Amino acid sequence: MMKPMNIAEDKLLAWYHGALDGAEAEAVARALAQDPAAQALVEDWRQQDGALTALFAPVAQEPVPPRLVAAARPARQAGGLRIAAMVGMLAIGLTGGWFAAQLSNGATKGQSRSLADAAIAAHETYVVEVLHPVEVAASDAAHLTGWVSKRLGHQIAPPDFAAQGFRLMGGRVLPGGTGAAAMFLYENDLGRRVSLYVAPTANGGETAFQFTEAPAVQSFWWTDRDLAYAVVGDVPRAALRAIAIAAYDQLI
Amino acid sequence: MNVLDEIEASIPALRRYARGLTRDREAADDLVQDCLERAVAKRHLWRRDAPVLHWLYRIMTNRHRDDRRRAGPQLVALDGLAEPPSEPGGQEARLDLREVQDALLRLPLDQRQALLMVSVEGLSFDAAAKVLDIPKGTLMSRLARARAQLRLLTGRERPGPTKRRAK
Chain A
11 MMKPMNIAED KLLAWYHGAL DGAEAEAVAR ALAQDPAAQA LVEDWRQQDG ALTALFAPVA
71 QEPVPPRLVA AARPARQAGG LRIAAMVGML AIGLTGGWFA AQLSNGATKG QSRSLADAAI
131 AAHETYVVEV LHPVEVAASD AAHLTGWVSK RLGHQIAPPD FAAQGFRLMG GRVLPGGTGA
191 AAMFLYENDL GRRVSLYVAP TANGGETAFQ FTEAPAVQSF WWTDRDLAYA VVGDVPRAAL
251 RAIAIAAYDQ LI
Chain B
78 MNVLDEIEAS IPALRRYARG LTRDREAADD LVQDCLERAV AKRHLWRRDA PVLHWLYRIM
138 TNRHRDDRRR AGPQLVALDG LAEPPSEPGG QEARLDLREV QDALLRLPLD QRQALLMVSV
198 EGLSFDAAAK VLDIPKGTLM SRLARARAQL RLLTGRERPG PTKRRAK
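These protein sequences, in sequence, are chains A and B. Counting from 11, one number per residue, gives the positions in the first sequence under the working numbering. Counting from 78, one number per residue, gives the positions in the second sequence under the working numbering.
Everything labelled a hint here was simulated from the structure, so no lab data went into it. Watch out, some of these pointers could steer you wrong.
Said to hold, decoys possible - Here chain B is said to cover these stretches of chain A; the calculated rule only asks that three of the stretch's residues, wherever they fall, bring their Cβ under 8 Å from a Cβ of chain B:
1) 24-33
2) 56-62
3) 157-165
To be verified - Below are the EDC-like pairs computed for lysine to aspartate or glutamate, each with C-alpha atoms no more than 20 Å apart in a straight line:
4) A:Lys21 x B:Asp203
5) A:Lys160 x B:Asp173
6) A:Lys160 x B:Asp126
7) B:Lys119 x A:Asp31
8) A:Lys13 x A:Glu53
9) A:Lys21 x A:Asp45
10) A:Lys160 x B:Asp107
11) B:Lys213 x A:Asp31
12) B:Lys207 x A:Glu53
13) B:Lys207 x B:Asp143
14) A:Lys160 x B:Asp111
15) A:Lys21 x A:Asp31
16) B:Lys207 x B:Asp126
17) B:Lys213 x A:Asp234
18) A:Lys160 x B:Glu114
19) B:Lys213 x A:Asp20
These numbers come from a predicted model, not from an experiment. C-beta: ideal position from N, C-alpha, C; glycine also.
Model the full structure from these sequences, guided by the hints.
Structure below.
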């Protein structure tokens, strides 16, 4: 039976992958020369890497399928994108503005503001619906989360605003030019409704909460990494802010 | 080379990584296509602090993880898995490729990602940690666990009193 090795395995692994600097690397190399168990382990790792390389290196030598080359090249026709944006606007009214802005010139400063506009438009379109305010009801929460996450390409579960007195009614996916957006609708005991709008954003990064007022409603909005969010409602500013903070905290 | 050219030049490496994540050829190329489309649409999000390829690895890692989450619990066909090798592999015996591939696919996803990034894609610990969005220490422990598991699954380390614990 071989004696157990004397070198710490994590240090040996770092040495093996060239992650140690001069003096430390030398010390490990010296210890290794005296340590048959460690030598055997390193030999195993070499064999693992040899096998993995033999398995996967040839993949990179294969001819690239045409569909992948095509996927790496953007559609050259800007006109096509613009038409898509127009269709989006026709289909969903004002909400298209956000996507049209996003499509026309890439990331721009006005973009986030357009998000608030889109969120407000979506809110005003659906909040008045008595019979069909949402497409998927809160009673089917798992389906709602799965559906929205799939369409937006991000894991998104509707946040809980119970502490703010609002319960989830459900949600819907809204069409967009470059990606789908989602809206979750909430209601309190008095029948007041607030919505949370989530859309992929092109400019990324994080922004502070911003506030926007429209004639009938107000909105707090922000961006966090790849997604932009807006809460919209006809509730006092402080209450809306509390909801926005709750959403921000839960949507990490 | 502009970003689009670099994205296109990355396809072979992306296919290699995808094949390590998912065994099925078509599914792997679907993953590559999804990643490319996303990268092209979001190319202005690439920050110059990392190579385009590393940014693409990162997108693919996230897409793959999202796909799996969406698909729900993973079912692994039993007949697709190698039985633990019946003959103990000696130090001199070379590893059987098929056996290694089966073992790789049995690793927990986070360990497999760490191993592929470092061993197959050749990234440094720092670069791999950045791609996988984890601290360097986490990357190292996942890599160590992946290697220990692989030794176990390929019969290099036999269960028993001499077994080194896979933390």
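Of the numbered hints stated earlier in the document, which are not met by this structure? Numbers 5, 6, 7, 12 and 17, in rising order.
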